[in-house]
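Going down the list, the protein sequences come from chains A, B, C and D. When we follow this note's numbering, the leftmost residue of the first sequence carries the number 62, and every step to the right adds one. When we follow this note's numbering, the leftmost residue of the second sequence carries the number 62, and every step to the right adds one. When we follow this note's numbering, the leftmost residue of the third sequence carries the number 51, and every step to the right adds one. When we follow this note's numbering, the leftmost residue of the fourth sequence carries the number 51, and every step to the right adds one.
Everything labelled a hint here was simulated from the structure, so no lab data went into it. Quick caveat, the model's predicted, so the values are computed rather than measured. Where hints are given, some of them may not hold.
[Claimed, not checked] Partial selection, computed: residues in chain A whose CB lies under 7 Å from chain C:
1. F66
2. P176
3. F177
[Stated by the list, open to error] Once the Cα atoms are required to be at most 25 Å apart in a straight line, the calculated DMTMM-like pairs of lysine to aspartate or glutamate come out as:
4. K282(B) with D260(A)
5. K64(A) with D68(D)
6. K102(B) with E252(B)
7. K127(B) with E190(B)
8. K219(B) with E112(D)
9. K187(C) with D211(B)
Even glycine gets a Cβ: it sits at the ideal position worked out from N, Cα and C.
As a plain string of letters, each chain reads:
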Amino acid sequence: MNKVFSNADEAIHDISNGVTIMLGGFGLCGIPENCIAALVKKNVQGLTCISNNAGVDDFGLGLLLKKRQIKKMIASYVGENAEFERQLLSGELEVELVPQGTLATRCMIAGFGIPFVPLLAGVGTEVAEGKEMVERQGRQYLIEEAFHADFAIVKAWKGDTMGNLIFKDTARNFNAVMATAGKVTIAEVEELVQPGALDPNFIHTPGIYIHRIFQGKNYEKRIEQHTVRKRNA
Amino acid sequence: MNKVFSNADEAIHDISNGVTIMLGGFGLCGIPENCIAALVKKNVQGLTCISNNAGVDDFGLGLLLKKRQIKKMIASYVGENAEFERQLLSGELEVELVPQGTLATRCMIAGFGIPFVPLLAGVGTEVAEGKEMVERQGRQYLIEEAFHADFAIVKAWKGDTMGNLIFKDTARNFNAVMATAGKVTIAEVEELVQPGALDPNFIHTPGIYIHRIFQGKNYEKRIEQHTVRKRNA
Amino acid sequence: MALSKEQIAQRIARELQDGFYVNLGIGIPTLVANYIPEGISVVLQSENGLLGMGPFPFEGEEDPDMINAGKQTVTKLPGSAIFDSATSFGMIRAGKVDLTVLGAMEVADNGDIANWKIPGKMVKGMGGAMDLVAAAKNIIVAMQHTNPKGHSKLLPQCSLPLTGVQCVRKIVTDLGVFSITGQGFHCDERAPGVSVQEIKEKTAGRLSIADDVPEMVF
Amino acid sequence: MALSKEQIAQRIARELQDGFYVNLGIGIPTLVANYIPEGISVVLQSENGLLGMGPFPFEGEEDPDMINAGKQTVTKLPGSAIFDSATSFGMIRAGKVDLTVLGAMEVADNGDIANWKIPGKMVKGMGGAMDLVAAAKNIIVAMQHTNPKGHSKLLPQCSLPLTGVQCVRKIVTDLGVFSITGQGFHCDERAPGVSVQEIKEKTAGRLSIADDVPEMVF
Numbered sequence: 062m063n064k065v066f067s068n069a070d071e072a073i074h075d076i077s078n079g080v081t082i083m084l085g086g087f088g089l090c091g092i093p094e095n096c097i098a099a100l101v102k103k104n105v106q107g108l109t110c111i112s113n114n115a116g117v118d119d120f121g122l123g124l125l126l127k128k129r130q131i132k133k134m135i136a137s138y139v140g141e142n143a144e145f146e147r148q149l150l151s152g153e154l155e156v157e158l159v160p161q162g163t164l165a166t167r168c169m170i171a172g173f174g175i176p177f178v179p180l181l182a183g184v185g186t187e188v189a190e191g192k193e194m195v196e197r198q199g200r201q202y203l204i205e206e207a208f209h210a211d212f213a214i215v216k217a218w219k220g221d222t223m224g225n226l227i228f229k230d231t232a233r234n235f236n237a238v239m240a241t242a243g244k245v246t247i248a249e250v251e252e253l254v255q256p257g258a259l260d261p262n263f264i265h266t267p268g269i270y271i272h273r274i275f276q277g278k279n280y281e282k283r284i285e286q287h288t289v290r291k292r293n294a
Numbered sequence: 062m063n064k065v066f067s068n069a070d071e072a073i074h075d076i077s078n079g080v081t082i083m084l085g086g087f088g089l090c091g092i093p094e095n096c097i098a099a100l101v102k103k104n105v106q107g108l109t110c111i112s113n114n115a116g117v118d119d120f121g122l123g124l125l126l127k128k129r130q131i132k133k134m135i136a137s138y139v140g141e142n143a144e145f146e147r148q149l150l151s152g153e154l155e156v157e158l159v160p161q162g163t164l165a166t167r168c169m170i171a172g173f174g175i176p177f178v179p180l181l182a183g184v185g186t187e188v189a190e191g192k193e194m195v196e197r198q199g200r201q202y203l204i205e206e207a208f209h210a211d212f213a214i215v216k217a218w219k220g221d222t223m224g225n226l227i228f229k230d231t232a233r234n235f236n237a238v239m240a241t242a243g244k245v246t247i248a249e250v251e252e253l254v255q256p257g258a259l260d261p262n263f264i265h266t267p268g269i270y271i272h273r274i275f276q277g278k279n280y281e282k283r284i285e286q287h288t289v290r291k292r293n294a
Numbered sequence: 051m052a053l054s055k056e057q058i059a060q061r062i063a064r065e066l067q068d069g070f071y072v073n074l075g076i077g078i079p080t081l082v083a084n085y086i087p088e089g090i091s092v093v094l095q096s097e098n099g100l101l102g103m104g105p106f107p108f109e110g111e112e113d114p115d116m117i118n119a120g121k122q123t124v125t126k127l128p129g130s131a132i133f134d135s136a137t138s139f140g141m142i143r144a145g146k147v148d149l150t151v152l153g154a155m156e157v158a159d160n161g162d163i164a165n166w167k168i169p170g171k172m173v174k175g176m177g178g179a180m181d182l183v184a185a186a187k188n189i190i191v192a193m194q195h196t197n198p199k200g201h202s203k204l205l206p207q208c209s210l211p212l213t214g215v216q217c218v219r220k221i222v223t224d225l226g227v228f229s230i231t232g233q234g235f236h237c238d239e240r241a242p243g244v245s246v247q248e249i250k251e252k253t254a255g256r257l258s259i260a261d262d263v264p265e266m267v268f
Numbered sequence: 051m052a053l054s055k056e057q058i059a060q061r062i063a064r065e066l067q068d069g070f071y072v073n074l075g076i077g078i079p080t081l082v083a084n085y086i087p088e089g090i091s092v093v094l095q096s097e098n099g100l101l102g103m104g105p106f107p108f109e110g111e112e113d114p115d116m117i118n119a120g121k122q123t124v125t126k127l128p129g130s131a132i133f134d135s136a137t138s139f140g141m142i143r144a145g146k147v148d149l150t151v152l153g154a155m156e157v158a159d160n161g162d163i164a165n166w167k168i169p170g171k172m173v174k175g176m177g178g179a180m181d182l183v184a185a186a187k188n189i190i191v192a193m194q195h196t197n198p199k200g201h202s203k204l205l206p207q208c209s210l211p212l213t214g215v216q217c218v219r220k221i222v223t224d225l226g227v228f229s230i231t232g233q234g235f236h237c238d239e240r241a242p243g244v245s246v247q248e249i250k251e252k253t254a255g256r257l258s259i260a261d262d263v264p265e266m267v268f
């Protein structure tokens, strides 16, 4: 059993035109920087991307958008990206907006082998259009189907060669959820360690979900909203 | 905000006759020993208990069964308990058997605000009787409703005064799931610590789910199947 | 005089109760954290996966892996917990968050809220707003009473695409505090020096307001 | 000669492939772990919340917080992971476990299995068996070919309450290896010295078996 790849290019070698990819991260926090760069380099086309956000103009998924590699974007929030706006208005880009909790849950249930769930978000809004509704205890729910992906690409803090992952702070976000939902899940990690180096009691994503893993490099970890406070004298 | 109670008697003070209680643990592993003892002492009657197992004759939920405090038992496996068998056959005890994964998932979705899920287990068996079926991609699923409880009682390894919990090894089992599903969730812990003592990145159950917490004592931690191997000379 | 944004936040902070778990949206709601009353302990939830959010980090201590739902660098307080996005919205949906404070473009007198989309203009997406308003037990809207054109944002019905239906419980604007009663907006308090007449004129939806409605004190 | 329990386990172990995640039930299936072929690495899943289950602990090192689904004290190997019961069955249901080996009271020639209940006798409950058989991609049953009364356990249809329908792919009994083909049981191999005639006599369900069916070699 060897899940270890030497770099992003090798880990994504069989990602081809037209596939569906999930990408972890919230904003620019915890995004799989190495794999995104490799996808840009490979120049695969016609991708359907499922990701909470769409990056910014020159970073994250924005890099794939700029090269028009994305055919369809499924996300909850895509602000702060002028190229995105241009492609959307020109009809080059198809967009499906999904409430953030619904997005997370639709990925999660794929990893639980659950085909759909009833969720509250979006009842009475345009999100509900065309969706089946059910009632329980006087509340209305929308039937939401699981999101599956040909490839799920996640970024973790540390991972071992068996694929067990731990995330750092709020970089966990969608990474831990999407890791379970890929037909093939690729994890890039800041530090790749040997089995036994991670405490089994504190694994965020068990290795059974991870098909490929590699140690990434040159993480930029760009901050979107740099907010600090002054130190008292 | 004070969630800290001094002992099990105080933590369960308002558990009254006829309520529904979830109890964590798998077999005798990770069961809330202190609260079970307090429930026996308080002698509340007519309980509906949701727990994967029903203990053994003289330990765990078996103690409540022996005193006939349980009216209905919802579990996946209830073997190894002669008193259970006697009460079941005599009609004193009502029993609902639920597949183990279905049981865990029905508790989990309560904590996710999801009223029901379609699950594979039990299709074509007597578990399916009276349940709605749905089909997706050619597979049949049973519609399974969330399990809610008036009180969920769990046992953790360490907890802080905010209610954050960590479990030890396979004692996590149903504890982490049921902790999220109680209208009131009571956690007994082997070690109660101050906020800051547990690493926020490795919390198994966030404190928001926990209403009451206390440091338990005198844990027996009985082993059901004592299996060992000889050390090579 | 109409309330400042800081005062709106300050007034909302009075709604906090000891032990509350609170989700604060971007903008005015974020400011509420600065006015938590003495002797009260609340825990801030950020829907990207954090309970126990603390203040911004000191200069030089910011960590790109430690942000809030507004993508701002933040800190975590002792006793905080990190979790994934599905768990985060799970706890919201299950009603574990006691109070959600968020902004709005429009609120209808039946509690409908619109705050995510202006047709014809750029659509940024709803983010977590639809999840929050659909699930939170207690939703307070923090907003200006009128839009930049001077039109009321408290309406008989929303003109913009909805974020959620019949979910808002209370609104704090620069002019006052309003409950949603089932018979429309009910003015609970007016801003210092703001007249009953002005509130009536600037509220397009159904409004009940007493002539002697109490004035807020700061 | 019919296979011993150890030999049944040994034969099943030949079905293992490198990288497999495997769930082994109580009884004969547990023994499979003792015969993992050289050069092959598999990870054992225990449905109470453990990936990477190791052997029993050395005397004096047993830990009541570290058990398997059979409630036996076990160890965890380097690279193992602990999780809760819902996650455990989630990964089973999502098809992440490559192979499940479990015992049975009866198997029907369409792949139905009964292994949890004997009406009129004590009902212990199905535990995780229904979840496992409903979701696993690949299910191998390990059992005796006949019950203590000498009656076939490979039947045209199960007489006992079902655990799952049309889910068993393969059966290894003391008499041989059988696939479920859609046309009933197909005998792939016979135990050393066991005759085709004996297998035919002791199999009540539809059976296809070649006169020159290969004999297992140990």
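So, going through the hints one by one against the coordinates:
no., hint, result
1, F66, "violated (23 Å)"
2, P176, "violated (16 Å)"
3, F177, "violated (15 Å)"
4, K282(B) with D260(A), "holds (23 Å)"
5, K64(A) with D68(D), "holds (12 Å)"
6, K102(B) with E252(B), "holds (23 Å)"
7, K127(B) with E190(B), "violated (31 Å)"
8, K219(B) with E112(D), "holds (20 Å)"
9, K187(C) with D211(B), "holds (19 Å)"
In terms of the numbered hints stated before, the structure departs from hints 1, 2, 3 and 7, listed from lowest to highest.
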